[in-house]
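Same order as they appear, the protein sequences are chains P and Z.
All residue numbers for the first sequence refer to our numbering, where the first residue is 10 and numbers rise by one.
All residue numbers for the second sequence refer to our numbering, where the first residue is 425 and numbers rise by one.
In case anyone wonders, no lab produced these hints; they're calculated from the structure.
One or more hints might be untrue.
What the hints assert, rightly or not - The calculated lysine to aspartate or glutamate pairs, modelled on EDC-like cross-linking and capped at a C-alpha distance of 16 Å, are: (1) K62(P) to E115(P); (2) K147(P) to E121(P); (3) K62(P) to E510(Z); (4) K62(P) to E648(Z).
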Amino acid sequence: MRGLTCLSLAFALLTCPPLISSAASDDLAVVIAAQSPVDRLSPGAIRLIFNRKSLLDGNGNRWIPVNLPPADPARRAFSQALFGAMPEEMEEYWNIEYFHGITPPEVLASEEAVLRFVSATAGAIGYVHASRADNRVKILAHVSQPLPSKAR
Amino acid sequence: MSKSPHLAAVLAVTLLVALGQPARAESFAYQLGRGLPLGETGIRLGGYANAVIAAPRSGPWNFDIRDLSLFTTWERGNWRFFSETEVANPLSASEHQDLTTGNARFELERLYIDHIFTDALSVRFGKFLTPIGRWNLIHAAPLVWTTTRPIASYQLFSRNATGLMLHGGLPVGERRLEYAAYTTLSDSLDPYKSENPFENAFGAHLLYSLAENLEVGISYANYELHEEPVGRFNLAGLEATWSYRQFEVSTEWVHRSGGGNELTQGFVQALAPLPSHFYAIGRYEYFQQISEAAGQVGVFGLAFRPIPPLVWKVEYRLGTHNESAAPDGLYGSIAVLF
Numbered sequence: 010m011r012g013l014t015c016l017s018l019a020f021a022l023l024t025c026p027p028l029i030s031s032a033a034s035d036d037l038a039v040v041i042a043a044q045s046p047v048d049r050l051s052p053g054a055i056r057l058i059f060n061r062k063s064l065l066d067g068n069g070n071r072w073i074p075v076n077l078p079p080a081d082p083a084r085r086a087f088s089q090a091l092f093g094a095m096p097e098e099m100e101e102y103w104n105i106e107y108f109h110g111i112t113p114p115e116v117l118a119s120e121e122a123v124l125r126f127v128s129a130t131a132g133a134i135g136y137v138h139a140s141r142a143d144n145r146v147k148i149l150a151h152v153s154q155p156l157p158s159k160a161r
Numbered sequence: 425m426s427k428s429p430h431l432a433a434v435l436a437v438t439l440l441v442a443l444g445q446p447a448r449a450e451s452f453a454y455q456l457g458r459g460l461p462l463g464e465t466g467i468r469l470g471g472y473a474n475a476v477i478a479a480p481r482s483g484p485w486n487f488d489i490r491d492l493s494l495f496t497t498w499e500r501g502n503w504r505f506f507s508e509t510e511v512a513n514p515l516s517a518s519e520h521q522d523l524t525t526g527n528a529r530f531e532l533e534r535l536y537i538d539h540i541f542t543d544a545l546s547v548r549f550g551k552f553l554t555p556i557g558r559w560n561l562i563h564a565a566p567l568v569w570t571t572t573r574p575i576a577s578y579q580l581f582s583r584n585a586t587g588l589m590l591h592g593g594l595p596v597g598e599r600r601l602e603y604a605a606y607t608t609l610s611d612s613l614d615p616y617k618s619e620n621p622f623e624n625a626f627g628a629h630l631l632y633s634l635a636e637n638l639e640v641g642i643s644y645a646n647y648e649l650h651e652e653p654v655g656r657f658n659l660a661g662l663e664a665t666w667s668y669r670q671f672e673v674s675t676e677w678v679h680r681s682g683g684g685n686e687l688t689q690g691f692v693q694a695l696a697p698l699p700s701h702f703y704a705i706g707r708y709e710y711f712q713q714i715s716e717a718a719g720q721v722g723v724f725g726l727a728f729r730p731i732p733p734l735v736w737k738v739e740y741r742l743g744t745h746n747e748s749a750a751p752d753g754l755y756g757s758i759a760v761l762f
């Protein structure tokens with residue numbers, strides 16, 4: 010039984026995507042407007058915001074998650090770290106959500122666009138390389154970039 | 425000359441506004457499978473279409489554009505509106521009938537408004553899909569892997585309910601428990617009568633992720649039906665879906681008591697990816713029936729999904745005591761989410 014538990018734990022550690030890490034220069038940073046009252050979010054909360062299961066923050070305001078384009082390496086790394094899947098592998102999930110009237114996060118063209126949108130929009134949350142985050146935004150979490158994996 | 429300063433000012437303001445606005449890449453563009461957002465109104469139009477050809481072994485072949493559904497969604501603040509209007513059989517033909525639009529009919533599949541209080545609590549009012557099992561909640565042809573629908577996913581209950589629902593998600597352990605609890609209010613709220621609709625119904629559905637790739641759910645409903653068999657019914661349901669990469673195994677079972685009988689129905693379905701966007705599907709169904717012996721069917725199919733919103737399907741269904749509910753034969757379809 011104990012062996013089974015250890016095996017389960019080992020399996021979980023191997024299969025769970027890494028999310029929060031200590032800051033490294035090329036890490037991605039989850040950002041929100043500098044003046045936002047939100048100071049931190051758990052990995053699970055970030056995941057729920059970006060798969061649009063969590064629609065409101067603790068104060069009842071609507072989250073507005075934003076993504077980079079699917080081909081952007083930062084988007085791919087973020088998706089892999091957060092969901093263990095590449096953007097194209099999430100399409101089936103979004104098809105089902107669309108059937109329920111829920112659409113994926115909006116897509117912005119560049120990290121600078123994310124910084125501008127997030128800093129100017131209450132409830133907006135996005136991600137950029139940590140080195141690009143400036144005083145317009147607040148970093149809520151760092152995301153480790155996993156090694157690129159081939160899309161299934 | 426006097427206009428120049430004004431022009432310069434206008435250009436400067438335009439430039440400032442442009443610089444101040446984040447560049448949106450796809451937000452307001454049409455995308456197949458994601459619908460068409462109408463500017464910044466919060467309204468989005470979309471839907472799906474499904475064309476089916478059926479060749480049952482003991483009857484004439486027939487062709488239908490079975491569904492042409494239009495979604496309208498609107499989101500603003502804590503409110504969300506959703507409607508699905510369907511034109512069923514807008515075009516059909518069969519061995520004994522030329523192509524006709526004569527079988528077309530309008531249906532309002534869903535029409536509801538949600539008020540989101542918190543992530544844990546939303547209130548829905550209107551006509552919605554009955555939360556029993558997984559298939560009924562995602563029954564759109566582009567989202568499911570077979571042309572034919574498992575009997576257990578619709579025969580013993582109404583596919584829609586009209587009334588009030590509380591729903592949301594709660595953290596339980598490391599994961600999230602999604603719940604829905606509902607009651608029907610009145611048939612008069614249903615703009616188009618559903619087929620054999622619920623009357624005086626209430627029920628609940630719980631869905632929990634036991635692991636990253638494993639979801640389990642339970643359902644309960646208590647209701648009366650308008651048509652035969654008449655009576656009050658209790659229904660309990662169990663569902664599970666396991667997926668790994670593109671492999672998937674799913675199962676749903678329902679047990680209904682009332683109206684002088686007890687019936688159990690269910691299915692197990694497996695999906696395996698093949699090269700070049702092809703998928704192999706196998707399904708076993710078991711269904712107890714009121715006036716016949718318990719039926720069983722096997723469904724063996726292939727699906728081709730070149731892009732996520734588009735799927736071609738072909739399958740053969742074979743069974744015992746299934747002629748009235750799920751006849752043997754060859755079935756094929758093409759479905760697109762737009």
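Tell me if the straight-line CA distance from K147(P) to E121(P) falls inside 16 Å. holds, 15 Å
Are K62(P) and E115(P) close enough, with their CA atoms no more than 16 Å apart? holds, 15 Å
Could you grab the alpha-carbon distance between K62(P) and E510(Z) and see if it respects the 16 Å cut-off? violated, 27 Å
Distance restraint between K62(P) and E648(Z), which requires alpha-carbon spacing of 16 Å or less: violated, 33 Å
When each numbered hint is compared with the structure, violations occur for hints 3, 4.
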